[in-house]
Structure formats: structure tokens, C-alpha cells
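Quick note, the sequences are listed as chains A and B, same order. FYI, the numbering used here numbers position 51 of the first sequence as 35, with every residue one higher than the one before it. FYI, the numbering used here numbers position 108 of the second sequence as 111, with every residue one higher than the one before it.
Everything labelled a hint here was simulated from the structure, so no lab data went into it. Hints may be right or wrong, so weigh each one.
SDA-like cross-link-like pairs, simulated, lysine to any residue; straight-line CA separation at most 20 Å [said to hold, decoys possible]: (1) B:K26 with B:V52; (2) A:K5 with B:G89; (3) A:K5 with B:V91; (4) A:K5 with B:A28; (5) A:K5 with B:P88; (6) A:K5 with B:M42; (7) B:K26 with A:P15; (8) B:K26 with B:P169; (9) A:K(-13) with B:A98; (10) A:K5 with B:K26; (11) A:K35 with A:P15; (12) A:K5 with B:P169; (13) A:K(-13) with B:M167; (14) A:K35 with B:E94; (15) A:K35 with A:V59; (16) A:K35 with A:A6; (17) A:K5 with B:P87; (18) A:K5 with B:Y133; (19) B:K14 with B:P25; (20) A:K35 with B:R92; (21) A:K35 with B:R97; (22) A:K5 with B:E94; (23) A:K35 with B:V91; (24) A:K5 with B:P86; (25) A:K35 with B:M167; (26) A:K5 with B:K14.
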Amino acid sequence: MAKQIYNRISLFRAEAGLSRKALADAVGVNPQTIGFLERGDYTPSLELAMKLAERFGISVELLFSFRPFPAMADVLRQAGEAT
Amino acid sequence: MTYRGNPLLEKLDRIAEYTGVPKLARRTAQDAAIPLRVMPLLPLTLAIVGLFVQAHAPAGGWIVVMGAWISAMPLGLTGPMRPPPGGVRDERERALVRTGHLAGLGAVALLAIGGCFLMGILGALAMVGYARVWLPQGPQDWIAIGFFLLVVQTTVAVLVASWMIPRGLADADEDDQPARLTRRADRRFRGGREG
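Bound-form chain A, shown alone (with noise of 0.2 Å):
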């Protein structure tokens, strides 16, 4: 059984204000991969996350992870007591 692997890539496309379509352009796959890929329904190849990371200027851990990523909001909460 193939481990489940979580991603937030629609968090950093929202955040570069990219649609599923410009992004897909961008990465060389089709529009519907970048959607199954959200939502955890695909698992990419090591080449098409690297081209993903590499679209965000982020490095792969930081997009994808064996563990759920955190909310957004628990982090800036954490953040904020931090300070």
C-alpha cells in the first residue's frame, strides 16, 4: 500500500495568484492533473514535483509531506504567541 503523500499546492497557487490552467501550463500537464493533485487523488512523479517546487521557488518538503500539513491558521496563531 503506497504511503498517502499530503500537498499544499493550492495554498501556494492561490497565494501567486495562479489559476489550475496557468499553472498546468506552467509544469507541462493538463489542467484536471493540477486538480487531482490538490485534492491528494494523484501522486506526482519525483519530475513533475520538482517542476511544481521549482514554479514556487520553494524546495519539495515544503510542498510536499508524509504528515498533514498544519492550518494556516493554527501556524499563524502559533506565531503570534510566539511574539
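Starting from the known structure of chain A, arrange chain B on it as the hints suggest.
Below, chain B alone, put in the same frame as chain A:
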């Protein structure tokens, strides 16, 4: 929904959505794969019926199976395995096509191997009078079987590829549009606003 605010047009819009035509048009416009989860069963059923007819009335059964094959052919060209307009499939689409065809070929291999053993065993039993079995003899019987296997390959490939496409994203048109309220949420929203 296109016509917001006008109750009559909204209702007509909803009726149009029920027909599935706008959904199909949206998917076609988005170049998205169209899953065919039930339609391939029709030519498959027709092929089984044709083979059954061929066993009992050798004159016309093979034509029915050939008809099933002709009706199955467009499924591969229009369904989930259709080539994208640009002609280049991405890695997910390639995997989808590969898995679909492998499943189709696997089904054909299983049928062919199983059929050979079954006909061999039942044929031997029939020779000593313990069983009655139809065995292909004439050229039309073999043609019918050939077309039948082609139908199985095509339909199983399309079915498997279709079921591999997750349902949630089949209508992936929320990309640049606001999320649409469900009918229940819509009613609740309207009720709350009016009340």
C-alpha cells in the same frame, strides 16, 4: 448557475443541468477526460448476446458481434482515454491509458486462456457423451470470437480508465469561479435570508 436572481431562468437552468448536456459541454471545453462508467457495458452486452446468437444461429451472430465492436470503437476515442487536443498526454493521462489497456489485455488473456481450457475439457467430455458444448468450428465462429475479444479489450480498458478518474473532480470547473452552493445549502441560505 448562469442566471442568478431570475427565478424562472434559474429553474430552467437547473433543468438544463439535470440533462447533463451543459456538464458535458463544460468538460469538453476544458479538455478534461470524460469518464464513461456505464456506457461501455452496452457494446459488451451486445457482444455477449451476439456470441450467444452465433452459437445457436451461425448465420448472423457474428454480424451482431461485429456491430458491437463498431459501436465500441468510438468509446476509446471519446472517453477517458481520448488524446488531448494538443496531442501530448501528461504523466497521469499516460498512466491512465496504460492501466486501461493493460486491464483490457488482461481480461482478453484471461478469457482466451480460460476459454481454451474450458472448451478443451468440455469438448473431451462431449466426445464421450457427458456434456453438450458449443465449440467454434466454421470461419464465422472464429470471426465472432475475434470480434468479441476486441470488444472486451476496448470496453474493459475504457471502464477501468473511467473508474480510475475520481468522481469529485469530474466536473472541474471551479477553477476560476466561486464555489457553487449545494441545493440544500442554497435553500437554507435563501430560507435564512427570507426569514
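Original post:
Regarding the pair K26 of chain B and P15 of chain A, is the alpha-carbon distance no greater than 20 Å?
Top reply: 17 Å, holds
Original post:
Under the criterion that the straight-line Cα-Cα distance not exceed 20 Å, is the pair K(-13) of chain A, A98 of chain B satisfied?
Top reply: 18 Å, holds
Original post:
Has the given pair, K5 of chain A with V91 of chain B, been kept, meaning a C-alpha gap of at most 20 Å?
Top reply: The hint holds at about 16 Å.
Subject >> K5 of chain A paired with K14 of chain B [C-alpha distance capped at 20 Å] >> reply: Given pair K5 of chain A, K14 of chain B is violated - Cα atoms ~31 Å apart, limit 20 Å.
Original post:
Keeping to a limit of 20 Å between CA atoms, is the pair of K5 of chain A and A28 of chain B held or broken?
Top reply: Since the Cα atoms of K5 of chain A and A28 of chain B sit roughly 18 Å apart, the hinted pair holds (cutoff 20 Å).
Original post:
Taken at face value, is the distance from the CA of R92 of chain B to the CA of K35 of chain A at most 20 Å?
Top reply: Answer holds: K35 of chain A to R92 of chain B is near 17 Å, not above 20 Å.
Original post:
Is the Cα-Cα distance between K35 of chain A and R97 of chain B 20 Å or less?
Top reply: Roughly 18 Å separates the two Cα atoms, so the pair holds.
**OP:** Could you grab the alpha-carbon distance between K35 of chain A and A6 of chain A and see if it respects the 20 Å cut-off?
**Re:** 14 Å, holds
**OP:** Take a quick look at whether K5 of chain A and Y133 of chain B sit within 20 Å of each other, Cα to Cα.
**Re:** 65 Å, violated
Original post:
Straight-line Cα separation of K26 of chain B and P169 of chain B no greater than 20 Å?
Top reply: 16 Å, holds
**OP:** Take the C-alpha atoms of K35 of chain A and E94 of chain B, compute the straight-line distance between them, and say whether it is at most 20 Å.
**Re:** Between K35 of chain A and E94 of chain B the Cα gap is close to 13 Å, so the pair holds against 20 Å.
Original post:
Taking 20 Å as the top limit, are the C-alpha atoms of K35 of chain A and V91 of chain B close enough?
Top reply: 18 Å, holds
Consistency note: the structure conflicts with the earlier hints numbered 1, 6, 15, 18, 25 and 26.
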